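Peer 1: The primary structure of each chain is shown beneath.
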Amino acid sequence: MNKRLLGIIGLVLILAVGGLLAAAEEYVPGTPLKVGFVYVGPVTDYGWTAAHDQARQICVDAFPWLETVIVETVEEGAEGAVIDRLILEEDCDVIITCSFGFIWGTQEAAVRYPDKIFFHCSGFLREPNMATYMADFYQIYYLNGLIAGALTETNKLGYIGAVPIPEVKRHISAFALGARAVNPDAEVHVRWINAWVDEVGAAAATRALIAEGCDGFAFTEDTATVVQVAAEGGFFSFGHYSPMYVFSPEYCVSGQIAHWEAIYLDFIEKVYTGEYDAHNLKSVDYWWLLQEGGVEAGCDPGMVINPAWVDRLQGIMVDDPVLGTLSVYDLVMTRLQQMSDPGLSFDPFQGPIYDRTGTLRVLPNCILSFDGLTTMQWAADGVVGPWPDEP
Amino acid sequence: MEWQTWLVSTVSFMLVHGTPLLLATLGEIYAERSGVLNLGIEGMMIMGAYAGFVTAYLTRSPWIGLGVAAAVGCGFSLIHAFASITLRANQVVSGLALTLLGLGLSGVLGRPWGGMPLPNSMPKIMVPVLADIPILGPMLFDGHTLVEYIAILLVPLMWFILFRTKIGISIRSVGEDPATADSLGVNVKRVRYLCVAVGGILAGIAGGYLAVSYRPAWTEGMTGGMGWIVIALTIFAFWNPVIGLAGAYLFAALYHLSFRLQPWVSPELLQALPYVFAIVVLVFVSRGSLQRRMGAPAALTIPYTRGED
Amino acid sequence: MTRANWIRIERRPTLSPWVVLGVSVAAIAAALIAAGIFFKAYGVSPWRAYHLIITGALGSKVGIAETARRTIPLLLIGVGLTVAFRALFWNIGAEGQLLVGAIAATGVALFVPMPEFLRLPVMFVAGFVGGAMWGLVPAVLKVKFGINDVISTLMLNYVAGFIVQWLILGPWKGPTARGFAYTDKFPASAMIPRIPGTTVHWPTLILGVLAAVIAYVWVARTRQGFEIRVVGENPHAAQYAGISQTKVVLAVMLVSGGLAGLAGVGEVAGVQRMLLDPAKLSLGYGYTAIIVAWLARRNPLAVIVTSALFGVIMAGGDVIKVSLGLPFQLVNVFNGLILFFLIGSEMFMRYRVSFAWRKR
Amino acid sequence: MRGIVKRFPGVIANDEVDLVVRQGEIHCLLGENGAGKTTLMRILYGLYQPDEGEILLNGEAIRVASPKAALAHRIGMVHQHFHLVPTLSVEENVVLGLSEGTGPFLRLRRTREKLNRLAGEYGLQVDSQAKIWQLSVGQQQRVEILKALYREADILIMDEPTSVLTPQEVDALFGTLRTLVDDGLTIVFITHKLNEVMEVSDRVTVLRKGKVVATVETATSSKAELARLMVGREVVFRIEKATAERGEKILEVKDLHANNDRGLPALRGVTFDLYEGEILGVAGVSGNGQHELSEVLTGLRKATRGTAYLETNDLAKCSAREIADFGVAHVPTERIRAGTVPNMTIRENLILKSYRARPFCRWVFLDQNAATENACHAMREYEISAPHDGTAAKNLSGGNIQRLVLARELSGSPRFIVAAHPTYGLDVGATEQVRQVLLDQRAQGAGVLVISEDLDEILQLSDRILVLFGGEVMGIMQTAEAELEEIGLMMAGSHRREVAV
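Protein chains in written order, with numbering that gives the first Met the number 0: chain A, 0 to 390; chain B, 0 to 308; chain C, 0 to 359; chain D, 0 to 500.
Heads up, some of the hints might be wrong.
[What the hints assert, rightly or not] Mimicking DSSO-like on lysine-lysine, the simulated pairs with C-alpha atoms at most 30 angstroms apart in a straight line are:
1. 143(C) to 301(D)
2. 210(D) to 393(D)
3. 33(A) to 60(C)
[Unchecked claim] Pair ranges (Cβ atoms, derived):
4. 125(B) to 64(D): 54 to 64 angstroms
5. 370(A) to 148(B): 34 to 44 angstroms
6. 260(D) to 262(B): 48 to 58 angstroms
7. 116(D) to 163(B): 21 to 31 angstroms
8. 220(C) to 469(D): 48 to 58 angstroms
9. 304(B) to 232(A): 50 to 60 angstroms
10. 113(A) to 362(D): 30 to 40 angstroms
11. 245(C) to 342(D): 15 to 25 angstroms
12. 71(D) to 62(B): 35 to 45 angstroms
13. 113(A) to 59(B): 49 to 59 angstroms
Since the hints were derived computationally from the structure, they do not count as laboratory data. No experiment lies behind these values; they were computed from the predicted model shown. Every residue, glycine too, gets a C-beta built ideally from N, C-alpha and C.
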């Protein structure tokens, strides 16, 4: 009896100590690196998670010394234990958590394992051993907006939003600004589905917007539903996150594609070389846009605008105070070029910008600050529909 | 004319969104009329969706897709039938198990099929003359698939079978008083198996419709809880196919409006309504002879064993 | 003609615990073998898989912690369900009762000014009351209108879910949630203490074990327990003996709902520390607990074991994802199979089965 | 039927039973409840499969795998508890399970015509569109017979068909049966009532404890002989009962009204008194209000009007629990369905009503020891034979269950006892014991209300007899001056006499 009891206590101690030891050893630069990815959805969602996992694959192919472990469909709130497992049982050196919702669990884990390195997506909390990153689309949504504004005949565009957070709101406003830039009468009608993956909802929302008279669609939802439903009705749309050209070669005009690999390759390599370690990440925040190659404009790699639409867009002329009269196609290409080059001679949120309540949000000759972008709650002029937490 | 566009959009959405609900509800009505509660609809639907997509993708024919979806749904429902009829298991537990199994299996098998479009979805048709009728035309006869119309035609058919044929009498008697039915030479087990199978077939088709027509692609869990709504609708319909049609379309309409009216009304409210309705309706008919005429089948969820009556 | 009854079935006059144990074990074994096929299909040897699952769920600090975390709500809810099932009330609504309990606790945690040392206790009380109220609705519907309990409880789950949705998207959305559908994080005084380095909120665990013991004594040894059993076994006799079925049903649902409510408090104040999407809050505990209670043969004490078993299975699910890198959906397949085999075994207990062709 | 054997867990229901029924006769199956009559017929009708033995129809062996098969062999059965689906209409019930002709569709008009024709021929009128739950018991029985005829049955099995009918209805039924036999049908008639056997049957087969005792020509036999065969010894048709003189008035029922489960009036102004040391027998055909009367007096059913004073307490306004506490004992009609909890132990069943108070309950906890003591004592006193007090009630025989119920109800010497069908389905030994117990209670000064459909029992036990018909008291008479004829007429509602006290 006592023996057994002792045995058990001993076992527990060993495990606990073992755990601590496993947690204790810090990564030595140049040695094989093991990275654990924590996903919020299934790798097959063909949206957010799929994009992250393709990026991971690219890294694995690029770095022979890299080993990865993935955990998919982790409920937000359950990430803490998964991280524990990844560190204690899989002894990963780096943990990458790919959803805003993992913010608390990641931060707590970062404190719990001060010698491990954490990389959290789209968050705002950082620790000496926890960096954050985001590849943002707002510039591309502006480009999509330009196209949409030019193409719409009803002057009503539809946007199916996942969750009313600053990220999505910023994208919608950028889209609206783009549309208004070429078509002052354009409106962007918004519907929220309050979920990142909800096909039935996305389909219903799209049909509702069609019924409202919208004839072009952009969205934030992790499937190609909107593209397909819009195409059914013969309406154009913009792909989101993954190349969605295949879902509607005739109606998918353009879209946004994420290149998380750009960020991952950079970060992982810097960890490998020792430039990043568990003590100097407090201020490391990747905010990668067109110029860094974190994102790409288009509905298929290398295809900024669906060839089927190029002629039409070249046929529509607009006046620009600076560039003069030019075709929408050229305008889009110019803006893309301007935002891609290091000089960065253009930004969608260039003042003066009034929100839809008439308040001045960006002063003339200023561009919206990083902080202004990441905490954005206001809606640009031309946005129509429900807008939670509108200031 | 504002109200006209609202009407048209709402009704035509009713047809699209209501169809999978209607199909599965008709099936569940038959299952429950025969005394078997099947909470596994979600599982059968998602399996149907998976099978339907894969088949349609490989054969290039959405119709074969639906066929296979039906077969798979049927096969799946037979698991529940065997558990609850032959093994006399607790129908609630068995139903839940079926849902788990369906979601799991479809998720595992469907892995390689995620994120690709179905090149040839169910063709949308436009009924020649009728489509030109103002309002009615665009509402009912333009841009729908045959499945929507077939679903509607199923309603009177299944009503007739249930209330005007011998099979129907057998089904209802088995659900009300199996011992009696048995003593009269009705093969209780066979009838129940049959009804559960019908439920499976229709749930399978409903799922298949989602994957080859409603949104021609495959994603894990793409049924998004429709199966549970069907349970509510079945009650809502007093186990009567005709009211089932009304219920399915009403729900679809509410769902549509929950997005149309989003600027003014919180969608959760509208989406919760069907469930509240179902309960209110039950309270409503819980009295006396109404209960007899419209209440739940007396033998619902009760397994039957000869000589234990 | 007679193919329909190719197996002959007679009731067992009595049911020995050994039969129960033996058959259950056999069933689970069979399920494991069946599930093994899937592991094989993915090129993982079933032995390795199961070994990993067991060690992963019980062999390490994390594993035990994870198992415990899953066990807590299953235990609380399961105990309540055994009592309800004893009175023949099929409470499928634990999921909803859990959510309402969570809502009540959140309300107290965030919006009720009070001395901090009182907050946590009051939250537990509020959670219990909330769950109990939600559980009483179908109880009243049944005794007043004779409405099928399976159906009404099921419906109410969805209503509760939508209420939570509405709260976190609307009135209760947290200013610091940056637009996400959460409430704010709870103040420290509203967090249930955890075992350091884990998410095991031990006070709730203790509550659960207490609940199991008390419920057992209540049903087996007390006056009202006697009434519960009479009502459950034979309503007519209950009426004849002057036992009020109404009182009994209300009593069991008060407790059943209340315990589910406590589970809700545990999840919201022990694990998440904020109110969020129903699906993330509960992970289907309300439904799994039905199986837990059913497997415990309606015996509250046995729930301690069965809930732990399913805790292991759920924690094992993580292992499948993390260590084996297999699609997480395998967990559902796994559970589904285990269930069906147990269901099958169920009747081998209640009936003596002999196959027709063996007789000829 | 040859060498039929049917075993159920624990019992052998039929043991090597041989039964020969001739074409065109009315053949009675006579036997006490539990003698195996019904089981045997259920086998013939395909509801059970025999463990051994074979069935021959017109010489060749047939296998009756199911009722359907039975019907195919033109064997029909009218069950004691009707097999009708309450929510379906008469016609739907009639065609239910039929596979003949007409394809999948219903030809209800054709059905209706055929029904009316049959109804006309044999005098079995019913409204063929009515829903079953709207019909009276008598009408429902007609539907059952029609159903069998509609299926062109040659052999008609009738399981205790008269138990629910008035003497007049019984005569009508017998009339029908004869016309059927004249048309060449064969009828197997299950009963345990001797005079019915004598009246209707051509031949009788007597069963006892699952075995065939004898098959005799009715004409060449006698009541007494059959009775002996049935119970295995001469039956004492009268128990000696000491004449106890009545004491104080204990119960005073005035103008009592109540509804039945369908909400229709079942008691219409019942008025009577009951005295200490008296047994008042309530005679009547089932379904004339006795059941409701017993329920009202024990608080299981609310009275719509009137009073029933037990001394100062109006039972009509009290709950079952309160009434039990007044010392009112109730031996219920359905003793297994209502009187006991099959899955609970004898010990627990014995305290089903007294569990709330000391000694069985201390504070909120039950006292197992007290319960056990009580059980042992009761099992000794009432000769309840069971392995031990932990045996589940469901494993007890009918007689022992009734003893158990009595033991519980009569503990603590009640002042007023409602005994409904106290000996129904009991073997002779048990019957006598039960009756003796009731007489003892009477001797101890309790007022006893005995409700029974068995007139013999009423005549033997009661001091006065009250006849109920259609929820009204047709009359109350001293047993001494009671005559069967008169009682029969009163039960049929065709005669009323002024209430004598």
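Peer 1: Each hint: holds or not?
Peer 2: Outcome of the hint check:
no., hint, result
1, 143(C) to 301(D), "17 angstroms, holds"
2, 210(D) to 393(D), "24 angstroms, holds"
3, 33(A) to 60(C), "22 angstroms, holds"
4, 125(B) to 64(D): 54 to 64 angstroms, "56 angstroms, holds"
5, 370(A) to 148(B): 34 to 44 angstroms, "56 angstroms, violated"
6, 260(D) to 262(B): 48 to 58 angstroms, "54 angstroms, holds"
7, 116(D) to 163(B): 21 to 31 angstroms, "23 angstroms, holds"
8, 220(C) to 469(D): 48 to 58 angstroms, "49 angstroms, holds"
9, 304(B) to 232(A): 50 to 60 angstroms, "55 angstroms, holds"
10, 113(A) to 362(D): 30 to 40 angstroms, "57 angstroms, violated"
11, 245(C) to 342(D): 15 to 25 angstroms, "22 angstroms, holds"
12, 71(D) to 62(B): 35 to 45 angstroms, "42 angstroms, holds"
13, 113(A) to 59(B): 49 to 59 angstroms, "57 angstroms, holds"
In terms of the numbered hints stated before, the structure departs from hints 5 and 10, listed from lowest to highest.
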